[in-house]
Amino acid sequence: MTQSLILFQALADATRLRIIALLRQMELSVGELAQVLGQSQPRVSRHLKIMDQAGLISRRKEGNWVFLTLGDRQTVAPALAAMDVWDQHPDAERLADCARLTAVKTVRATEAEDWFEAHAAEWDSLRSLHVPEEQVETAILHSLVAQPLGRLLDIGTGTGRMIELLGPEAERAIGVDRSPAMLRLARSKLDENTSPRIEWRQGDLYALPLGAASVDTAVMHQVLHYAQHPGAAINEAYRVLTPGGRLLIVDFITHNHRELREQAAHAWLGFSDENMHRWLQDAGFENIRTTTLKGQLDVMLWLAECPPASIVESHRS
Numbered sequence: 036m037t038q039s040l041i042l043f044q045a046l047a048d049a050t051r052l053r054i055i056a057l058l059r060q061m062e063l064s065v066g067e068l069a070q071v072l073g074q075s076q077p078r079v080s081r082h083l084k085i086m087d088q089a090g091l092i093s094r095r096k097e098g099n100w101v102f103l104t105l106g107d108r109q110t111v112a113p114a115l116a117a118m119d120v121w122d123q124h125p126d127a128e129r130l131a132d133c134a135r136l137t138a139v140k141t142v143r144a145t146e147a148e149d150w151f152e153a154h155a156a157e158w159d160s161l162r163s164l165h166v167p168e169e170q171v172e173t174a175i176l177h178s179l180v181a182q183p184l185g186r187l188l189d190i191g192t193g194t195g196r197m198i199e200l201l202g203p204e205a206e207r208a209i210g211v212d213r214s215p216a217m218l219r220l221a222r223s224k225l226d227e228n229t230s231p232r233i234e235w236r237q238g239d240l241y242a243l244p245l246g247a248a249s250v251d252t253a254v255m256h257q258v259l260h261y262a263q264h265p266g267a268a269i270n271e272a273y274r275v276l277t278p279g280g281r282l283l284i285v286d287f288i289t290h291n292h293r294e295l296r297e298q299a300a301h302a303w304l305g306f307s308d309e310n311m312h313r314w315l316q317d318a319g320f321e322n323i324r325t326t327t328l329k330g331q332l333d334v335m336l337w338l339a340e341c342p343p344a345s346i347v348e349s350h351r352s
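Be aware that the sequence shown starts at 36, since it is given in the working numbering, and climbs by one per residue.
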């Protein structure tokens with residue numbers, strides 16, 4: 036049987052098309068998919084097996100959890116393009132799926148926000164449990180300060196430690212966080228009267244409260260493993276960076292400490308270098324460089340650059 040026939044057979048089912056539309060928006064567990072589709076898990080699993088065999092989906096197993104995302108871009112892209120052309124007006128069932136997916140997102144966001152609010156005061160110590168923080172911060176400084184920072188953005192600033200570390204090297208600094216409790220702590224720790232270049236803004240990493248091409252350097256320090264859709268967060272960071280701007284991501288490498296999902300609200304148990312490179316390249320970044328720090332949980336720094344102005348404008352258009 037040819038691959039094209041396998042693909043067309045896999046796509047020839049309304050439920051499987053609904054699954055593609057949902058996974059296009061975010062990674063979902065099998066249970067969440069069943070919830071959104073209004074079907075039993077065994078029934079959904081049968082559809083997923085067919086899609087997996089066709090290369091339309093990819094599975095990520097974490098203990099008893101199985102998370103699903105779209106498969107290889109080269110395989111899936113033609114199907115997505117066809118859906119965009121042939122299915123421009125979603126039916127009632129697809130609209131209901133979107134509403135239920137919004138409910139899933141809301142539950143996830145509420146659980147994470149409740150956890151952050153409850154743990155704001157101990158946030159700095161929680162982020163430095165696995166590799167000595169001074170080692171991480173030395174690597175961050177080494178990665179960034181050889182070039183001017185310009186306008187600095189700390190995405191998911193928490194208690195403002197990255198602003199405290201890098202702010203003196205920047206023209207001005209903006210710390211964005213969704214949690215009011217985190218921002219209150221950041222403000223109290225870094226006196227605004229003595230640091231007039233610092234701004235604190237409440238906002239979401241998927242919709243930063245900044246205009247396009249408005250900052251020169253952006254940092255995501257131990258933030259992405261809380262994100263349900265890391266690729267979307269990276270795309271948003273690209274949007275607000277100037278041509279030639281830099282993004283530094285600091286996070287865990289893939290690990291098996293499953294207890295962090297329940298105890299510390301981690302959505303991802305670290306990231307593979309392959310996945311991070313793919314997200315960065317898909318967003319438009321280039322010249323990706325990495326630094327690895329060994330510890331109980333290994334940490335990696337990914338430093339990526341926006342291309343020059345002409346290329347950036349072409350990509351954004």
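Derived from the structure by calculation, the hints contain no laboratory data. Treat the hints loosely; a few may be bogus.
Computed beta-carbon distance windows for the label pairs [as the list claims (entries may be wrong)]:
#: 1; residue 1: Gln76; residue 2: Gly185; range: 29 to 39 Å
#: 2; residue 1: Ala181; residue 2: Arg78; range: 47 to 57 Å
#: 3; residue 1: Trp121; residue 2: Asp333; range: 37 to 47 Å
#: 4; residue 1: Gly185; residue 2: Ser75; range: 38 to 48 Å
#: 5; residue 1: Thr137; residue 2: Gly279; range: 29 to 39 Å
#: 6; residue 1: Arg94; residue 2: Gln331; range: 24 to 34 Å
#: 7; residue 1: Phe43; residue 2: Glu204; range: 52 to 62 Å
#: 8; residue 1: Asp107; residue 2: Thr50; range: 39 to 49 Å
#: 9; residue 1: Thr50; residue 2: Glu169; range: 24 to 34 Å
#: 10; residue 1: Ala131; residue 2: Gly185; range: 23 to 33 Å
Using N, Cα and C, we set each Cβ at its ideal position, and we do this for glycine too.
Hint-by-hint comparison with the structure:
1. Between Gln76 and Gly185 the Cβ separation comes to about 50 Å, which falls outside the hinted range of 29 to 39 Å.
2. Remark: the range hint 47 to 57 Å for Ala181 to Arg78 is upheld by a beta-carbon distance near 55 Å.
3. A C-beta distance of roughly 45 Å is found between Trp121 and Asp333, which places it inside the suggested range of 37 to 47 Å.
4. For the pair Gly185 and Ser75, the beta carbons lie near 54 Å from each other, so the given range of 38 to 48 Å is not met.
5. For Thr137 paired with Gly279, a C-beta distance near 37 Å keeps the hint of 29 to 39 Å intact.
6. Taken as a hint, the range 24 to 34 Å holds for the pair Arg94 and Gln331, whose Cβ atoms sit roughly 27 Å apart.
7. Range check, Phe43 to Glu204: about 55 Å between beta-carbon atoms, so the 52 to 62 Å window is met.
8. Under the hint 39 to 49 Å, the C-beta atoms of Asp107 and Thr50, about 21 Å apart, miss the expected range.
9. With their beta carbons about 52 Å apart, Thr50 and Glu169 fall outside the hinted range of 24 to 34 Å.
10. The supplied range of 23 to 33 Å is broken by Ala131 and Gly185, whose beta-carbon atoms lie about 46 Å from each other.
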